[in-house]
Amino acid sequence: MTASPTFTINRRQILKLAAVFGATATLAACSGPSLGAGAGAAEVAVTDWTGIVPAKEITWWSNHPGTSKLIEEEIIKRFQAENPEITVTLVTAGANYDEIAQKFQAASGTNSVPDLVLASDVWWFRYMINGQVLPLDDLAKHLEFDTDDFNKTLYDDYTFTGNHWAIPYARSTPLFYYNKAVWAKAGLPDRAPKSWAEFDEWAPKIAADGGVTPLGLGKGASWAAWWFCNMLWGQGGAYSDEWTMTLDTPEAIAAADYLQSLIYETKVATVAAVDQVADFGAGLTGCIMGSTGSLTGILKAATFEVGTGFLPEGPEGQACPTGGTGVAIAADRAPEQQLAAGMFLKFLTNSENTAYFSSNTGYMPVRTSARDGDTMTRVYAEFPQFRTAVDQLETTRSQDWGRVFVPNADKELTTALEKIMLQQTDPAEAFAVASTAIATSFDQNVSPYL
Amino acid sequence: MPTIEDLQRDTDSAVAVAAPTSVATPAPPRTFNARKKKKPWKSWLLFLLFAGPNVALLIVFTYKPLLQSLYYSTLQWNLGSASAIPVGLGNYVAWFTDPGTARVVTVTLIFTVATVGGGMVIGLLFAVLLNRKLHGRGAARTIVVAPYVLSGVAVGLLWLFVFDPNFGITAALLDAIGVASPPWYNDPHWALVMVIIVYLWKNVGYVALIYLAALQSVPRDVLEAASLDGASPVRAFRNIVLPLLGPTTFFLSITTLLSSLQSFDIIQAMTRGGPLEGTTTMMYQIYEEGFQAGRAGYSSAVATILFAVLLVVTLIQMKYVEKRVHY
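As given, the protein sequences belong to chains A and B, one line each in that order. Everything in the first sequence is counted per my numbering, starting at 1402 for the first residue and increasing by one. Everything in the second sequence is counted per my numbering, starting at 202 for the first residue and increasing by one.
Rather than coming from a laboratory, the hints here were simulated on the basis of the structure. Accuracy of the hints is not assured; some may be wrong.
Unchecked claim - Below, computed lysine to aspartate or glutamate pairings styled on EDC-like, alpha-carbon distance capped at 20 Å:
#1 A:1668 / B:466
#2 A:1747 / A:1475
#3 A:1581 / A:1599
#4 A:1504 / B:466
#5 A:1553 / A:1753
Using the sequences plus the hints, can you model the full thing?
Shown next, in the form of structure tokens:
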């Protein structure tokens, strides 16, 4: 037997459906953003902090960079011992900066917004134009933060419209890691190459005598376009000049050409399938550019002695970007909450806790006094590799707006670099596609909110 | 056994009983009062009591977000921002004119066809195999179905290592027969093949389970009769079993299609849509645009398009495919 159910819908069913949708549409219209171009950060009200009593409970969203949950809990314990009237709740709000940012943005306008949140190099600006974070200068002045002691590059990374929107916390830079055993086999001096030109001279020896692929490169979002700053800036190029993309300049193209030549011409570099740090730790590659935040992990995991050095120079000199995360205070909280959050932030980033955090994770000491203090001096003595990372800090510069301030820009740049590295696409072609997409994103997602 | 005459007599008597009723008492015209009598306020109260909570949940968690998403798709809205700019159909125009859209649609189509088609075929084969009286059948059934109940993220992370071209099991096995591991993570095409394999591994147990239940309800006497009439096992399967599995196939075609088009966890755990966006399906694009890029309006437009596609495909299945199903 064959059934022949017919799918029909009559007038009454249409009316019922319309009624349900009408009712829910009414509900739907009751929520969501207000219409019209918002001024974002400019709309944040100025608070007079005098006379405000700090709240008793605050919440901090973190992903515990550098597996630092225990370190963060210890700092909270110390803070609560000094300020027993304030309780800090530490929330694991994601596995990485992106997940934290996704939750923070999704929580906007609800009562689930935390008082403090991690604000990474590619996210803080978006928080700012969305009006989600508080400008910190007035609060820092009221709480007498010693902001002059912060490393200037790291502190000024969070500057826009004359305000600071976050305080540096778990900050990192790329660092050159090399396998000392391989270096020795290849008869190379025990140091990183000073320049890419020198690396070009060394690479054949590393491959022939060291028996490994000389250089491991990483791909993927939030990573490839970060370390490529070194090659790009070293050639005299940049992703952008403020909001204008500059990937069509001869310098930018030369940087990408050089990257491509390492893989396809001289064949001294390989793109890691999953994790370039794991490949390096397993002895598959002779050297990598990794984050300073990976330092402790690499030293623990490697079965050989690991050397560190500055990123190699390009024809135009030394070039190293900053990265990692700062901590911001949510704008959509009561002044009492913000004041208590500010008190904790001051404590979290004071000299002693900065040194405590850095010595246990490998992240940069963001304060000069912490960098030169006893705790870090002991760390440098035990792990000389750490000293290299800290010294390199003096050569860093803030990242190009065209990568870190425009939504989707990092993804577009990553795709362009992956095309160059994995498919041997013409750099000019790959960069043109990325530049157009980033410029469109700026027009649509940034410009109306500035 | 009833004879033809008996059946005819029974039918005639049934018509004889039914006929006077239909002729003598024609249905009264349905007036407002008549409806009111059929559904007094107590019935409504009962209806509200039982259906109300479900309807309320559906409205709040399904229809409201659906309509909200439709509304957001007409906005230029950065996720997290308190304000947005109305752009009408701008986001839809942007998606349809984006040079990357063709790639996303192609990836979605390949992934869906491979996982739905492959899943149904492999699942049916497993079901047929597990329906036979084999030694260790119980254990085999458990093994086939077990991956389905595992978390997608856990499965993705596990297979991330399995496919590692340097340290993974696949590389070791291929190496043993002198074949180099494909660049699973650095080539967009191989990456798509990889996530399809993992998706099938995880979900084929579900198809096998449903088909197995259906196979066990196929009447044995029909198969025995076919056998007595000289039909080969293959012919009996093709002409008797498969048609009888029609309702199950129809049900599975809808559920696995919906599940495949909404797949996210394995892609997120293994490739994050890469490399070169080679595993970015429409579902993954919704996440990427909404939460990574923060383009909530654009993301909602893609979500609405995907919803429309799902709705149309399901309606087509219900209208045309179901007619061919034998119950």
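Hint-by-hint comparison with the structure:
no. : hint            : result
1   : A:1668 / B:466  : 35 Å, violated
2   : A:1747 / A:1475 : 15 Å, holds
3   : A:1581 / A:1599 : 17 Å, holds
4   : A:1504 / B:466  : 17 Å, holds
5   : A:1553 / A:1753 : 18 Å, holds
Of the numbered hints stated above, the single one contradicted by the structure is hint 1.
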